[in-house]
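**Q** Here are the chains, one letter per residue:
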Amino acid sequence: MPEQDRLVRIVERCRTELHPSLSADLVSELARIQTQFQFSGDDRADAQKEMKAALGAALPLAQAEEMQR
Amino acid sequence: MIIDLVTMENFGPYQGTHELRLGLGPHPLVVIHGQNMAGKTTIINAVRWALYGVAKDRLGKPIPTGELINSDAFEAGDKRVAVSLRILAAVDGKDVIYTLRRQQQLKSAHSRGQVDNDYDTHVTIERDGHVLAPVHFGSVVTSLMPEPISRFFLFDGELLKEYEDLVRAGGEREARAVKEAIEMILGLPAARYGRDDIRQLRSETNRRLRREASRDQEAQAASARLEDLAERDRELARDREETENELRKNRQEVHRLEQELKRYEESREDAGRLEELKLTKAAIGSEQEQKRQSLKELVVDLWRDVLTPRLAAETTRLEAEMSTRLNAARLLAEARRDVERLEASLEHSKCSQCGQALPHDAVAKARTDLVERSEEVDVLRPRADNDRIRELARVIGQLRKVAPAGKTDAIRVVSKDLDQLRFKEFKTGGAIDEITQRLSSSDSAQVQQYDREKRQYEKVVAELAAKLESMEGQQHEIAVETKQQQDIVLQNTSPVFARLKQELALLDALDDVFTRAVDMLADELRTEVEKAASEIFRDLTTDKTYQGLRINENYGLVILRDDGAEVDQRSAGAEQVVAMALLGALNRLATKRGPVIMDTPFGRLDRDHRANILSFLPTMADQVVLLVHDGEIDRSRDLAPIESKISAQILIEHESSTASRLVLEGAPAHA
Numbered sequence: 001m002p003e004q005d006r007l008v009r010i011v012e013r014c015r016t017e018l019h020p021s022l023s024a025d026l027v028s029e030l031a032r033i034q035t036q037f038q039f040s041g042d043d044r045a046d047a048q049k050e051m052k053a054a055l056g057a058a059l060p061l062a063q064a065e066e067m068q069r
Numbered sequence: 070m071i072i073d074l075v076t077m078e079n080f081g082p083y084q085g086t087h088e089l090r091l092g093l094g095p096h097p098l099v100v101i102h103g104q105n106m107a108g109k110t111t112i113i114n115a116v117r118w119a120l121y122g123v124a125k126d127r128l129g130k131p132i133p134t135g136e137l138i139n140s141d142a143f144e145a146g147d148k149r150v151a152v153s154l155r156i157l158a159a160v161d162g163k164d165v166i167y168t169l170r171r172q173q174q175l176k177s178a179h180s181r182g183q184v185d186n187d188y189d190t191h192v193t194i195e196r197d198g199h200v201l202a203p204v205h206f207g208s209v210v211t212s213l214m215p216e217p218i219s220r221f222f223l224f225d226g227e228l229l230k231e232y233e234d235l236v237r238a239g240g241e242r243e244a245r246a247v248k249e250a251i252e253m254i255l256g257l258p259a260a261r262y263g264r265d266d267i268r269q270l271r272s273e274t275n276r277r278l279r280r281e282a283s284r285d286q287e288a289q290a291a292s293a294r295l296e297d298l299a300e301r302d303r304e305l306a307r308d309r310e311e312t313e314n315e316l317r318k319n320r321q322e323v324h325r326l327e328q329e330l331k332r333y334e335e336s337r338e339d340a341g342r343l344e345e346l347k348l349t350k351a352a353i354g355s356e357q358e359q360k361r362q363s364l365k366e367l368v369v370d371l372w373r374d375v376l377t378p379r380l381a382a383e384t385t386r387l388e389a390e391m392s393t394r395l396n397a398a399r400l401l402a403e404a405r406r407d408v409e410r411l412e413a414s415l416e417h418s419k420c421s422q423c424g425q426a427l428p429h430d431a432v433a434k435a436r437t438d439l440v441e442r443s444e445e446v447d448v449l450r451p452r453a454d455n456d457r458i459r460e461l462a463r464v465i466g467q468l469r470k471v472a473p474a475g476k477t478d479a480i481r482v483v484s485k486d487l488d489q490l491r492f493k494e495f496k497t498g499g500a501i502d503e504i505t506q507r508l509s510s511s512d513s514a515q516v517q518q519y520d521r522e523k524r525q526y527e528k529v530v531a532e533l534a535a536k537l538e539s540m541e542g543q544q545h546e547i548a549v550e551t552k553q554q555q556d557i558v559l560q561n562t563s564p565v566f567a568r569l570k571q572e573l574a575l576l577d578a579l580d581d582v583f584t585r586a587v588d589m590l591a592d593e594l595r596t597e598v599e600k601a602a603s604e605i606f607r608d609l610t611t612d613k614t615y616q617g618l619r620i621n622e623n624y625g626l627v628i629l630r631d632d633g634a635e636v637d638q639r640s641a642g643a644e645q646v647v648a649m650a651l652l653g654a655l656n657r658l659a660t661k662r663g664p665v666i667m668d669t670p671f672g673r674l675d676r677d678h679r680a681n682i683l684s685f686l687p688t689m690a691d692q693v694v695l696l697v698h699d700g701e702i703d704r705s706r707d708l709a710p711i712e713s714k715i716s717a718q719i720l721i722e723h724e725s726s727t728a729s730r731l732v733l734e735g736a737p738a739h740a
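First to last, the sequence lines map onto chains A and B. FYI, in our numbering the residues of the first sequence are 1 to 69. FYI, in our numbering the residues of the second sequence are 70 to 740.
No wet-lab data here; the hints were simulated from the structure. None of these values were measured; they are calculated from a predicted model. Just to be clear, a hint being listed does not mean it is correct.
Here are the computed distance ranges between Cβ atoms for each label pair [claimed, not checked]:
{"no.": "1", "chain 1": "B", "residue 1": "Glu335", "chain 2": "A", "residue 2": "Lys49", "range": "27 to 35 Å"}
{"no.": "2", "chain 1": "A", "residue 1": "Asp25", "chain 2": "B", "residue 2": "Glu527", "range": "44 to 52 Å"}
{"no.": "3", "chain 1": "B", "residue 1": "Pro564", "chain 2": "A", "residue 2": "Arg44", "range": "30 to 38 Å"}
{"no.": "4", "chain 1": "A", "residue 1": "Lys49", "chain 2": "B", "residue 2": "Arg337", "range": "29 to 37 Å"}
{"no.": "5", "chain 1": "A", "residue 1": "Asp25", "chain 2": "B", "residue 2": "Ala531", "range": "30 to 38 Å"}
Pairs of lysine-lysine residues, derived as DSSO-like cross-links and limited to a Cα-Cα distance of at most 30 Å, are as follows [unchecked claim]:
{"no.": "6", "chain 1": "B", "residue 1": "Lys570", "chain 2": "A", "residue 2": "Lys52"}
{"no.": "7", "chain 1": "A", "residue 1": "Lys49", "chain 2": "B", "residue 2": "Lys552"}
{"no.": "8", "chain 1": "A", "residue 1": "Lys52", "chain 2": "B", "residue 2": "Lys552"}
{"no.": "9", "chain 1": "A", "residue 1": "Lys49", "chain 2": "B", "residue 2": "Lys570"}
From the derived model, a few chain B residues whose C-beta atoms are all more than 10 Å from chain A [stated by the list, open to error]:
{"no.": "10", "residue": "Ala398"}
{"no.": "11", "residue": "Asp407"}
{"no.": "12", "residue": "Pro428"}
{"no.": "13", "residue": "Ile465"}
{"no.": "14", "residue": "Gly475"}
{"no.": "15", "residue": "Ala531"}
{"no.": "16", "residue": "Glu599"}
Think of the CB as a built atom: it goes at the ideal place given N, C-alpha and C, for glycine as much as any other residue.
In isolation and in its complexed conformation, chain A is listed as follows (with noise of 0.2 Å):
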């Protein structure tokens, strides 16, 4: 989707401006969910389960698992 990868672009380049030290991948990642689901038509949660699931792999087990409850 031409628009996700704007999306992604646009995000990387924040990133890279604003806390370079960030994971690109979870940047990219968490830009792609939120373009993947803006039509979806499905709840919104749905979007934020995979954001939080996003997340939680960024982070230690002990709090992904903390995240995700």
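Using the hints provided, position chain B relative to the given structure of chain A.
**A** Frame of chain A; chain B shown alone:
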């Protein structure tokens, strides 16, 4: 997404079941012709109603079901209205056929059906022939074409007005909904949702932080303060949401009343214009009468022109016969003279001319000649019929007197003038009807009421806006203090707090990134919209001194001259071309592709702009359905250059206000 088939049942002027096949061929364009009031706007409304359950009148207000349902069908006992759409779409790279159907039926035979509550609504949905639960109807429609962006696909005159408000300097407030929809179609919500979801997750992490802090003796004071701050923040957030909703509703009311007042202003101007139009129509009528009289006079002698070719042929034929008969008469006279001479010679046995005696063999020859010449006389006599020759001379003389009248060309000119006058009369009549309708819906007492209401709503809007500003200030103070208290709690070096600190740092950083991304994406999209709209505008405009368009942060567009200066005054036609350029740019850059259905888009355009836009339309989307009337498009002249892009032309045959039907050109009625 392509709309393949629209089936209307008792919808508006379409009584019974009427199928409108739109996916008819490989070309993008389908043209539907119909006069005013025939049922063109009904088609756009049928699609809108099937998808979203709302049909709109020409002022943008929802039409109640009781007015949607065909009144003849209702009176005949068929008290339901339904529309189904067969839609071809690509879902996850696969071609899918959806059939969506919406029906409203009177609940009880005793109900009068005047309010929407008198009707039951049923929706059904099928995917590739498999029935899905009705609960999926909304989510499938949203995935195909979310309602807020449908305005870019179901394009009617009202939307054009909204666009014009948007592109007009100072018109941004009226077009707020359009701006939001533009951002949605361009994909800006993805960045906003990302930012909001991250903030939501951060709130949850803060809650865990407070919970952990409440268990820690050293952090208990800060924890209690954090709980207090969080509670205040939640209350403020709730109040703020309510206030924002109130503010939105009140602004909508102000906008609605402004529109009503604007219409009244227009109608006051209309009143003057109506008089002019009535005079113009009367003048056209009188000119038509004169032309009709001239035509009648010209037609009196027209029979001569009509008969001229046949008379000429008959005259030629009779002249040929005359010539043959005159020749025969000449030969007959010669033969008779010879017979007389030979008879005289034989009677006296001497030459009738020189008087010398005829020798024996000469007498014999004279006898033979006499027989031959006498036979010739017998043959020539009927051919040289003097009565017939006289008759021929008389008839030919009469025919020559019937000269051509030379009226055909004059009649052609007058007929053409009459056609033009009829067209002018039709256009003027349409304008009179439109203004009369507008005038009938406005009166001065109502206007004063609108004005009072508007001032009241504006006062409320100002109060709510001030309240919101104050709330924002309070929330900011809470956020600052919350951060200070969190820093106190996070001084704790235990593993639990260390992990929470790490998590909060991550979410803060992500918030920074997505907040910046929202602004950056909006800027980039605006730049691309400006570029695409400028390209399209240069193709559409006939004034080649224009360099392009400049966009503002509300997606308003101004025209730039080739020296870069802004064009201050724009004609109604120019507004329409700018709006069309914006629409084209949005469809080019949209995150959602869909069919474009346009209702009467050429009203204010001259011939050259109309031709440019007609050439542009087939490139605008994979499917473009154009609803037009004869007053805005000349079928042979305007559509001929894009004939190869047209899949089908459909005619709406209008019999009465409750009876229209659809006829595919070149095919029998398929209603």
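**Q** None of the hints should be skipped; say for each whether it holds.
**A** Outcome of the hint check:
no.: 1; hint: B:Glu335 <-> A:Lys49: 27 to 35 Å; in the structure: violated, 51 Å
no.: 2; hint: A:Asp25 <-> B:Glu527: 44 to 52 Å; in the structure: holds, 51 Å
no.: 3; hint: B:Pro564 <-> A:Arg44: 30 to 38 Å; in the structure: holds, 33 Å
no.: 4; hint: A:Lys49 <-> B:Arg337: 29 to 37 Å; in the structure: violated, 57 Å
no.: 5; hint: A:Asp25 <-> B:Ala531: 30 to 38 Å; in the structure: violated, 48 Å
no.: 6; hint: B:Lys570 <-> A:Lys52; in the structure: holds, 17 Å
no.: 7; hint: A:Lys49 <-> B:Lys552; in the structure: holds, 26 Å
no.: 8; hint: A:Lys52 <-> B:Lys552; in the structure: holds, 23 Å
no.: 9; hint: A:Lys49 <-> B:Lys570; in the structure: holds, 22 Å
no.: 10; hint: Ala398; in the structure: holds, 98 Å
no.: 11; hint: Asp407; in the structure: holds, 109 Å
no.: 12; hint: Pro428; in the structure: holds, 124 Å
no.: 13; hint: Ile465; in the structure: holds, 85 Å
no.: 14; hint: Gly475; in the structure: holds, 69 Å
no.: 15; hint: Ala531; in the structure: holds, 33 Å
no.: 16; hint: Glu599; in the structure: holds, 16 Å
Checked against the numbered hints given earlier, this structure breaks hints 1, 4, 5; the rest are met.
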